[in-house]
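Just so you know, the protein sequences line up as chains A and B, in that order.
According to full-length UniProt numbering, the first sequence is numbered sequentially starting from 1.
According to full-length UniProt numbering, the second sequence is numbered sequentially starting from 1.
Don't read these hints as lab results, they were simulated from the structure.
Honestly, I wouldn't trust all of these hints.
Unchecked claim - When the alpha-carbon atoms are kept at most 25 Å apart in a straight line, the in silico SDA-like pairs for lysine to any residue are as follows:
hint, chain 1, residue 1, chain 2, residue 2
1, A, Lys218, B, Val181
2, B, Lys48, B, Lys65
3, A, Lys48, B, Glu230
4, A, Lys60, A, Gly233
5, B, Lys186, B, Gly274
6, A, Lys218, B, Ala250
7, B, Lys218, A, Leu276
8, A, Lys169, B, Asn137
9, B, Lys169, A, Lys60
10, B, Lys169, A, Glu230
Claimed, not checked - Now the stretches of chain B that chain A is said to cover, found in silico as 3 or more residues with beta-carbon under 8 Å:
hint, segment
11, 136 to 148
12, 236 to 249
13, 255 to 263
Heads up, the beta-carbon is just placed ideally off N, CA and C, and yes, glycines get one too.
Protein chains: 2
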Amino acid sequence: MDAGRLIEITDPGDARIAEFTSIRERDLTGRQGQFIAEGTVVLSMLAKAHGGSGPVRAEKLLLLKNRVAGLSDVIDQFPADVPVYVAETAVLDAIAGFHLHRGVLAVGSRAAPPDLASLVSQLPDNALVLVGCGISNHDNIGALFRNAAGFTADAVLLDETCCDPLYRKALRVSVGSVLAVPYARKESVETVLGTLAEAGFEIWALSPSGTVEIGGIKPGRRVALVMGTEGEGLPAAILERFHSARIAQAPGLDSLNVGTASGIALYAIARAMGRLG
Amino acid sequence: MDAGRLIEITDPGDARIAEFTSIRERDLTGRQGQFIAEGTVVLSMLAKAHGGSGPVRAEKLLLLKNRVAGLSDVIDQFPADVPVYVAETAVLDAIAGFHLHRGVLAVGSRAAPPDLASLVSQLPDNALVLVGCGISNHDNIGALFRNAAGFTADAVLLDETCCDPLYRKALRVSVGSVLAVPYARKESVETVLGTLAEAGFEIWALSPSGTVEIGGIKPGRRVALVMGTEGEGLPAAILERFHSARIAQAPGLDSLNVGTASGIALYAIARAMGRLG
């Protein structure tokens, strides 16, 4: 790494790092298309995404000075026109508005997600997609993406009532998978499922009242798994119109966490489709 | 519900509700055997546990005044000698030290967990136990218990380096399962696994480098599943000494979240053991 590349910040009010000020509050407002990446693993995913042909770009890095040496390999993956700002702990904490344990931040941006129809039209013949309906919890959205990546899903299709996966915490919980897995998030769940059905997808809604146990299904060539929220679950109209599956478990308990349930169901389906080697 | 049972608190400094003051900070100190239960579902689990023959007792409830009517069924499950304190929002927030969305709190206590040998000796012939090694994250501990309950595990055995499952957040994430599933947490992982091996348990350590894919194992009559941390995983000595299993997934990615991985593995094993109906 060329040490001349590092730009030292000593004033928390410096305009060059304005995107990082009070990032907790800022996160709540959700800046369209721009996002904060946190931690080494997500930074590394950002570097990969920036180098690819996808919609994600890195804008700038802000690092704790004493972390720089250990991060030189990752820094080198960013082209020279991505500025790397460094600061001491006190300055960094004053910028962020709280104590940053890790001291690794970046700002990235991505073009508006593709529209649903064009994303679906680009999916391979043998495709697995994960659909989220009404998932507003940032941890759960992050978990959906982490599991989608882990179990080879080709895309994540969120309905318009799901929260933005670019939120700082969702991105962190996804371990950066939000930057790697294609997704859409503009349409109603009816439109998403209608588009998938027209494209020949077999649609499985997951629900504690599902008619088939998930480990017993024989999935087709193109499969969509639909996840609802923990409390209300999926709308009855969806459960009636499409296939529904349940995860066998101890009777009389609260259902599983959405992230865990999506992991179990994706694992079972991807395995039955022969996608997991 | 007898409204005469409700005791109104108007002074945040009232000694009768001292256990609830500044519960966030208090949580960090971890009071031996005493715990804070939060939310309706956990309160309901506390009522059940208090009524049972186990080590868990409810000491007192503190509720937001406008939540009382909706909670009368749950309140009635606690015997009359468990005091029910009520307060308005401003008083309750001043007591807790932050804004409580839900307004449902209780203090409970439990006797010291049983020692490992006596807990293991009480397990049924056909048993499934979950072992945690080095799990220090409160969310992950909570997830282990939630999944253990969901997939019929008879006990959770934590090594001495795991965090206390009675922490407020672990208890909340477990949706109260910490109060229902028997557990121990005093010994080293070597002692835990040695005790289980002597008691005839087949021991499966879960690891990305495991030799058998988890969906393909034919488990015996008594099975223990061992989970390590996300970063370091399980010690090599454990992976060498016992059976090891992996969850098939996309190559080259960070491993799954511990909670999700425990859910997938417990589901696969409990299903193969014929425990899930």
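Hints and how they fare:
For the suggested pair lysine 218(A) and valine 181(B), the alpha carbons sit about 34 Å apart, so the restraint of at most 25 Å is broken. For the suggested pair lysine 48(B) and lysine 65(B), the alpha carbons sit about 23 Å apart, so the restraint of at most 25 Å is met. Taking the CA atoms of lysine 48(A) and glutamate 230(B), the gap is near 22 Å; set against the 25 Å cutoff, the hint holds. Restraint check: the Cα-Cα separation between lysine 60(A) and glycine 233(A) comes to about 40 Å, which exceeds 25 Å; the hinted pair is violated.
Simply put, lysine 186(B) and glycine 274(B) have alpha-carbon atoms about 31 Å apart, too far for the 25 Å limit, and the pair is violated. Annotation: proposed proximity of lysine 218(A) to alanine 250(B) holds, straight-line Cα distance about 20 Å (limit 25 Å). Distance restraint check for lysine 218(B) and leucine 276(A): the Cα-Cα separation of roughly 19 Å lies within the 25 Å cut-off, and the hinted pair is therefore satisfied. A threshold of 25 Å between alpha carbons decides the hint, and for lysine 169(A) with asparagine 137(B) the separation of about 16 Å falls inside it, so the pair holds.
For the given pair, lysine 169(B) sits about 35 Å from lysine 60(A) by alpha-carbon distance, which is inconsistent with the 25 Å threshold. Among the hinted pairs, lysine 169(B) with glutamate 230(A) is consistent with the structure: their alpha-carbon atoms are about 18 Å apart, no more than 25 Å. Coverage of the segment 136 to 148 of chain B by chain A holds. Counting CB-CB distances below 8 Å, 3 residues qualify, and the rule asks for three or more. Interface restraint, the segment 236 to 249 of chain B with chain A: holds (3 residues with C-beta to C-beta distance below 8 Å; minimum three).
Requiring three or more residues with a Cβ within less than 8 Å of a Cβ of chain A, the coverage given for the segment 255 to 263 of chain B holds, as 6 such residues are present.
Hint compliance for this structure: hints 1, 4, 5, 9 are broken, all remaining hints hold.
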